[in-house]
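**Student:** Residues per chain, in single letters:
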Amino acid sequence: MRTAVTLAVVGGAMVALPWLVPAYYITLMLPFMAYGVVLLGLNLLFGYTGLVSFGHALFIGIGAYTGAVLTTRLGMRQMELILLAAALAAALVAAPVGALCVRYVKIYFGMLTLAFGMVFYTFLLKFYKLTGGDEGMRMLRPYLLGQSWEGFSKTAYLIGPYYYFSLGVLVLATLLMWRIVRSPFGLCLRTIRDNPLKAESLGVSVPRFRWYAFMISAIYAAVGGALLATPTGNVDPTLAYWTHSGNIVFMVLLGGFASFFGPLLGAFVFIFLQDTVMSVFPYWRLVFGAVLAVLVIFAPGGLMGLFARRLPAEVSRG
Amino acid sequence: MGGVFHAAILFLVAAGLQVVFGVQKIFNLACGSFYALGAYAGVSAVGYFTGHGGSPALFIVPLALGGLAVGLVGIVVERGLLRFVYDRDETFQLLLTFALVLMLEDLIRMTWGTAPVSTGGLYLSYGQARLLGATVPVYNLIVITASLSIALAIGWLLTRTAFGRIIRASADNREMAEALGVDMRWMYVRVFTLGTMLGTLGGALVIPATAAMSEMGIELIVEAFAVVVIGGLGSIRGAFVGALVVGIFRSVAIAVYPELEMLLIYLIVIVVLLWRPRGLFGAVAA
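First to last, the protein sequences are chains A and B.
Everything in the first sequence is counted per our numbering, starting at 1 for the first residue and increasing by one.
Everything in the second sequence is counted per our numbering, starting at 1 for the first residue and increasing by one.
These aren't lab readings, by the way, just hints derived from the structure by calculation.
No residue lacks a Cβ here, since even glycine has one placed at the ideal position from N, Cα and C.
Misleading hints may appear alongside valid ones.
Sample of chain A residues facing chain B (criterion: CB under 10 Å; computed from the structure) [claimed, not checked]:
#	residue
1	Lys106
2	Ile107
3	Leu112
4	Ala115
5	Met118
6	Tyr121
7	Thr122
8	Lys126
9	Trp242
10	Phe250
11	Trp284
12	Arg285
13	Phe288
14	Leu292
15	Leu295
Please take these sequences and the hints and turn them into a complete structure.
**Tutor:** Below is the structure:
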């Protein structure tokens, strides 16, 4: 009940936000919502299945580059189709990559995903003709719901139609993920996380379920990556770099990997804290590194774990 | 030959990674940051030395000393951070070293600025030598020799000394070693500092041949990571072979088809991980 009330308040606030706060903060909400989608997927792998990927930026990169290639090279500007294409591209890549990675767990899974991520990063960097090399590619303003929104200035477009479009995608992605983790499939994933041997002996095919989880999280990352590309206006290989993968794992941990909404909170705090820190002190990595160290040592449950101790139990109940 | 020089440096960093992983079971993402730290410290030490009338011909002495000295930061890191997470899930250990990567990168920027720094023209002050029909800076040969000697010294340390026997015993079975009276806390401090110093020394030695940049650490870590995966986690011999493989394949790829440079390395890593996840020299069921 409390969760429902909180959600209604947060949802209402997000709909009303463009009238309440300056445009600048709305433009910060855009990456938050894009990362929100990415992290919902990442947490299916991290929090629910117990696999930590250090190469998930690979799929953010795939989503973002799908958007850039479609808008600049192929003249395809419909955002709905771009998201669909990003999801498809991610699924095509994640199917073989995931099938190889899920044969391993723990540190070997992390290393293998990191290696695949860096393969894609090097590909983006070195194959200049296809990808624009280290300068990357431009992402043109996509049409939303079939309309071009030509009359809007860049900011008006971003804080108006694009804001609501992103919000819609985030809400849909959240509802879908909520269904996934509460389904028998989600229960199987948690069993695999807590006791793979038992899951296997109960007839759950552990590698296959891990593979499904990997695919779903890759698709989420690509959709988030495509959403992220529009406000930036430009995509470049650093999107797929391993430190980016590290940062998104950081966001999940910051919010709390043991809770469904933890990752969303993590993305929100990360984006706004980064903006605040950077405005007063140029060395945000120093501050964030210290925050991460403190989190790991003293509060591995993240922010959700701090102010809602009862939450992990609720999550494990499903 | 450029490949072998690169391999010599990579070996030092990877050996640091291996020693720490072997004993403390922590995969240290920050080993690349230590390498960058060593590079900057080396530049500063050489600058101070020549600025106070030191002979340029002796620049390698302050270079190596600066690299080793800054390695003592390992003590602070181990006591201040890592000791809290030894009994945690390895995910958290990995994330803690990632936190270290973030902090060290900015600490370097704060201390030395964002512009690349270098030791100037000292690289060729030892002249060049002709070897197998190629011209090689003598400095490269010195570094290759030094790295080989260090490899031999580590091998001797691990197999022939009491300290080495204790290290191997702790790596095999921490509880048993502790029960037999090994002070694990002191052990971990020493091992981690040794690992750190190998990384910082590697960074210091590379620097006359290139320039120090704040991103050099996060770039090197993926190469060092390739080395240890190919060689096998926790094995010094593996680090040696892995460094040679990576160094030589890289220079061949650069000469033949530059686009493939790092791509080739990662493909080798993936093949090794899939075909033989414990690497060429890794322990069985590590």
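**Student:** All hints, please: hold or fail.
**Tutor:** Okay, the hints, checked on the actual structure:
1. Lys106: holds (6 Å)
2. Ile107: holds (5 Å)
3. Leu112: Constraint on Leu112 of chain A satisfied, holds at 5 Å.
4. Ala115: Hint holds; Ala115 of chain A Cβ to chain B Cβ min 5 Å, cut 10 Å.
5. Met118: Status holds, d = 5 Å.
6. Tyr121: The hint holds - Tyr121 of chain A has a Cβ within 10 Å of chain B, the shortest such distance being about 9 Å.
7. Thr122: holds (5 Å)
8. Lys126: With a closest approach of 4 Å, the Lys126 of chain A hint holds.
9. Trp242: Constraint on Trp242 of chain A satisfied, holds at 6 Å.
10. Phe250: holds (7 Å)
11. Trp284: holds (8 Å)
12. Arg285: Holds: closest Cβ of chain B sits about 4 Å from Arg285 of chain A, inside 10 Å.
13. Phe288: Phe288 of chain A check passes; min Cβ-Cβ to chain B is 6 Å, inside 10 Å.
14. Leu292: holds (4 Å)
15. Leu295: For Leu295 of chain A, the interface hint holds, since the closest Cβ of chain B sits about 8 Å away, which is under 10 Å.
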